[in-house]
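Please model the complete structure; the sequences and the hints are all you need to start from.
Those protein sequences? They're chains A and B, same order as listed.
Using the working numbering, the first residue of the first sequence is number -18, and each one after it goes up by one.
Using the working numbering, the first residue of the second sequence is number 7, and each one after it goes up by one.
The reader is advised that the hints may include incorrect statements.
Straight-line C-alpha distance at most 25 Å; calculated DSS-like pairs for lysine-lysine [said to hold, decoys possible]:
(1) B:Lys26 x A:Lys234
(2) A:Lys324 x A:Lys106
(3) A:Lys150 x A:Lys336
(4) A:Lys463 x B:Lys81
(5) A:Lys455 x B:Lys115
(6) A:Lys485 x A:Lys455
(7) A:Lys149 x A:Lys234
(8) A:Lys463 x A:Lys485
(9) A:Lys86 x A:Lys106
(10) B:Lys26 x A:Lys241
(11) B:Lys110 x A:Lys220
(12) B:Lys81 x B:Lys110
(13) A:Lys134 x A:Lys(-14)
(14) A:Lys241 x A:Lys220
(15) A:Lys304 x A:Lys172
(16) B:Lys115 x A:Lys463
(17) A:Lys463 x B:Lys26
(18) A:Lys455 x B:Lys26
(19) A:Lys134 x A:Lys304
(20) A:Lys172 x A:Lys150
(21) A:Lys305 x A:Lys172
Stretch-level coverage of chain A by chain B, calculated; a stretch enters the list once three of its residues show a Cβ under 8 Å from a Cβ in chain B [what the hints assert, rightly or not]:
(22) 5 to 12
(23) 345 to 351
Selected chain B positions facing chain A (in silico; Cβ < 8 Å) [said to hold, decoys possible]:
(24) Phe69
(25) Tyr75
(26) Ser79
(27) Pro82
(28) His86
(29) Ala139
(30) Tyr144
(31) Ile148
Note that these hints are calculated values from the structure, not bench results.
Glycine is no exception: its CB is placed at the ideal position from the N, C-alpha and C atoms.
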Amino acid sequence: MDLEKTAAHARAQMGQKRRLLVCAGAGCFSCGSAETLSTLQKLVKERGLETQVDVVPSGCMGACQKGPLVQLAADEILLQGVAPQNAAAVLDQVLGGRAISPEHKLFSAREPDAPDAHFFQKQQKIVLENCGRINPESLEEYIAVGGYHALHKMLSEMTREAVIAEIKKSGLRGRGGAGYPTGLKWETVAKMVNEQKYVICNADEGDPGAFMDRSVLEGDPHRVLEGMAVAGFAVGADKGYVYCRAEYPLAIKRLEQAIKSARREGLLGREIFRTGFSFDVEIRIGAGAFVCGEETALIASIEGRRGQPRPRPPYPAESGLWKKPTLINNVETFANIAPILTKGGEWFSSIGTPKNAGTKVFALAGKIRNTGLIEVPMGITLREIIFDIGGGIPAGRRFKAVQTGGPSGGCIPEAHLDTPVDYESLQTLGSIMGSGGFIVMDDTSCMVDVARFFMEFCMDESCGKCVPCRVGTKHMHDLLGKICLGQGTMGDLALLEELAPMVKATSLCGLGMTAPNPLLSTLRYFRDEYTAHIRDHRCPAGVCHMDAVEAVR
Amino acid sequence: MSIHVTPDDPRVKRVAREMKLYDRRPDALIQILHIVQEIFGYLPEPVLRLVVKELRVPASRVFGVSTFYHYFSLKPRGEHQCLVCMGTACYVKGAGKILDQLQKTFGLKPGDVTPDGQLGLAQARCLGACGLAPAVVYDEEILARVDPSTVGGMVQEKLRGS
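Structural data, given as structure tokens:
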């Protein structure tokens, strides 16, 4: 296909009319955005405005709590709470050139002093740049905003080595959570001598409280496919798999559509852009096992087996899917690839901090005013995220802790809120960057109960293969449960402190190695809550029920 | 509970067709189980035996995979399904109380179905709808910012209305 021609044509089409983008992400979808979309489309038709206005669905716009969201593309005005019954009024305001009523106006680029403006101004969008701007179901719109240009540029003028050098120069690190340098990983797979290699996209976003990858797949699926194809060329693979959670039906649907249209236009499949490079992608649907986010377990699952990890080495780069060299990256990592190739590794490395280049997408949730999806440059402080972008804690309550990294991460207290967000700093605090879950807790959350909650999660999700994880998580969970009931002793606490490092040190895979983190971090920062439960039989946050103990006393 | 399936049952034929689309490859097992569950609502044993035969994999492996993954159920599920999200965002906003309330209202434990088979109660790891926390899914509908004190009545009403 002629990329430039398609892009020019699509751009002209998009520029002809005013575009009203209706958020079709899962959050807005659940508050009825599909109906908002059809109502707006119907109104436009009824009023004979089809030549002036285009109403199209789009990806996540970020402010998930205020949905359904509608964006007026050219003017960069974001409208909130556009329920179907308000659609007519909003359309009048938008087309009549009248002022948007305050209850619907969320943000306008022309009025940077609005109360919620920080939510947008402190963000920097690379991964999410197309989410909320294009129709995710339209390949043409993706091409119009520069999509598949990186793939084309690479295939017409770059060698494998040059691609890898560019990724290395960018300083991109794996966005799945561990932060392994992406370029180095690619180079390792590229060096393997084998006629068959694979590329896998890990979309098994299992952390409770995380929805970044889902939003990217729903809002800009072609971006991920393009990143995978670039990776395929760089490492010498002609086949890719996306391993996606079954809990994300909309993401799967959009991805299926995207693969189909990319194949139709020759952007996936045999001899892409009439070069010697062939690459195709298949979707594999997970079946609800957190451990399948671990790369060797994920591979077992794609092979149709139980998702149990195996010892490494050999690493998948050497012996992965069907024992062939395999590159595994996360959704967000792949979504960063096309812009790096288009704008250069140097550009990317200038964003963020020297050792942590680029941006990170976080899913803000919990006790925070602005729940939703954000993308920030690395190195921003936790405080800026929570209070400037997130708008602070609602209902006049006090901030207590922020939990990053899900069941593998930890709880960070107020004293450390000025820490910059990067892989190393968060690890020093006893948490991890993780894939981007970011849950804020106020003084009504009990830290012992939170530790018990995550331990229950890890206990349930332990695959059972190795003893430290299978037995250790169960034992720690029971001890935490006892403390929550006010029946714990200081001896139990000592036992927990002995078990946690042991499970960390001896488990087979990342699940067990990180399972004690929520426990250890709460013990480190909120030890007084543990002792209050044990010595005073009292839950300071008022969450744990200690009726049984009260009755005995 | 078991069901009787015959080879000419249209549902069984559909499963057979889908297996053929995957060339009866053993690595397609999980994808096939998804299809079986979509058609029957759960994984009936006689159908699993058919999968064993067609994909030429040991019964132990099919059973192992079916029980390893949370998404699959070997028991029939309720006519209607009430799924309480227990993700972190929902949990810190009171999902535990919602689950308690539903257990009390219907006398059900998570994973159980009412004796009349009308309602099944289950908990989800995380629906990724954290902006709507605490969330409950009734059949296909997401109920956002659910109040523990009214959730029992709300689900009862939905059951009566259906």
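Hints versus structure:
A C-alpha spacing of about 22 Å is found between B:Lys26 and A:Lys234, which places the hinted pair at or below 25 Å, so the restraint holds. About 14 Å separates the Cα atoms of A:Lys324 and A:Lys106, which keeps this hinted pair within 25 Å; it holds. Proposed proximity of A:Lys150 and A:Lys336 is supported: the alpha carbons are some 12 Å apart, at most 25 Å. At most 25 Å may separate the alpha-carbon atoms for a hinted pair to count; A:Lys463 and B:Lys81 exceed this at roughly 32 Å.
Distance restraint check for A:Lys455 and B:Lys115: the Cα-Cα separation of roughly 21 Å lies within the 25 Å cut-off, and the hinted pair is therefore satisfied. Note on A:Lys485 and A:Lys455: the hinted pairing holds, with a Cα-Cα distance of about 14 Å set against a maximum of 25 Å. Proposed proximity of A:Lys149 and A:Lys234 is contradicted: the alpha carbons are some 33 Å apart, above 25 Å. A threshold of 25 Å between alpha carbons decides the hint, and for A:Lys463 with A:Lys485 the separation of about 22 Å falls inside it, so the pair holds.
Distance hint between A:Lys86 and A:Lys106 is fulfilled; the C-alpha atoms sit about 21 Å from each other, no more than 25 Å. Restraint check for B:Lys26 and A:Lys241: satisfied, since their Cα atoms lie roughly 21 Å apart, inside the 25 Å limit. With a CA separation close to 51 Å, the supplied pair B:Lys110 and A:Lys220 exceeds the 25 Å bound. Simply put, B:Lys81 and B:Lys110 have alpha-carbon atoms about 22 Å apart, close enough for the 25 Å limit, and the pair holds.
Restraint check for A:Lys134 and A:Lys(-14): satisfied, since their Cα atoms lie roughly 15 Å apart, inside the 25 Å limit. With a CA separation close to 15 Å, the supplied pair A:Lys241 and A:Lys220 stays within the 25 Å bound. For the hint pairing A:Lys304 with A:Lys172, the CA-to-CA distance comes to about 16 Å; that is within 25 Å, so the pair holds. Proximity of B:Lys115 to A:Lys463 is assessed by CA-CA distance (about 21 Å); at most 25 Å being required, the pair is judged to hold.
For the hint pairing A:Lys463 with B:Lys26, the CA-to-CA distance comes to about 52 Å; that exceeds 25 Å, so the pair is violated. Restraint check for A:Lys455 and B:Lys26: the C-alpha separation of about 42 Å exceeds 25 Å, so the hint is violated. Between the alpha carbons of A:Lys134 and A:Lys304 the distance comes to roughly 32 Å, so the proposed pair goes past 25 Å and is violated. The straight-line distance between the Cα atoms of A:Lys172 and A:Lys150 is roughly 18 Å, inside the 25 Å bound, and the hint therefore holds.
Of the pairs offered as hints, the one joining A:Lys305 and A:Lys172 holds, with about 13 Å between alpha carbons and a cut-off of 25 Å not exceeded. Residues of the region 5 to 12 of chain A lying with their CB closer than 8 Å to a CB of chain B number 4, which satisfies the three-residue condition for coverage. Restraint check on the region 345 to 351 of chain A versus chain B: 3 residues with Cβ-Cβ distances below 8 Å, three needed, restraint holds. Interface hint at B:Phe69: violated, since its Cβ lies 10 Å from the closest Cβ of chain A, which is beyond the 8 Å cut-off.
Taken as an interface hint, B:Tyr75 checks out: its beta carbon lies about 3 Å from the nearest beta carbon of chain A, inside 8 Å. A cut of 8 Å between beta carbons decides the hint on B:Ser79: the least distance to chain A is about 11 Å, and the hint is violated. Look at B:Pro82: its Cβ only gets to about 18 Å from chain A, farther than 8 Å, so that hint breaks. Here the hint on B:His86 is broken, as its CB sits about 18 Å from the closest CB of chain A, past 8 Å.
Interface restraint check for B:Ala139: the shortest CB-CB distance to chain A comes to about 6 Å, inside 8 Å, so the restraint holds. Proximity of B:Tyr144 to chain A is violated relative to the hint, the smallest CB-CB distance being about 12 Å (cut-off 8 Å). The beta carbon of B:Ile148 is positioned within 8 Å of a beta carbon in chain A (closest approach about 4 Å), and the interface hint is therefore held.
Hints 4, 7, 11, 17, 18, 19, 24, 26, 27, 28, 30, counting from the list given before, are not met by this structure.
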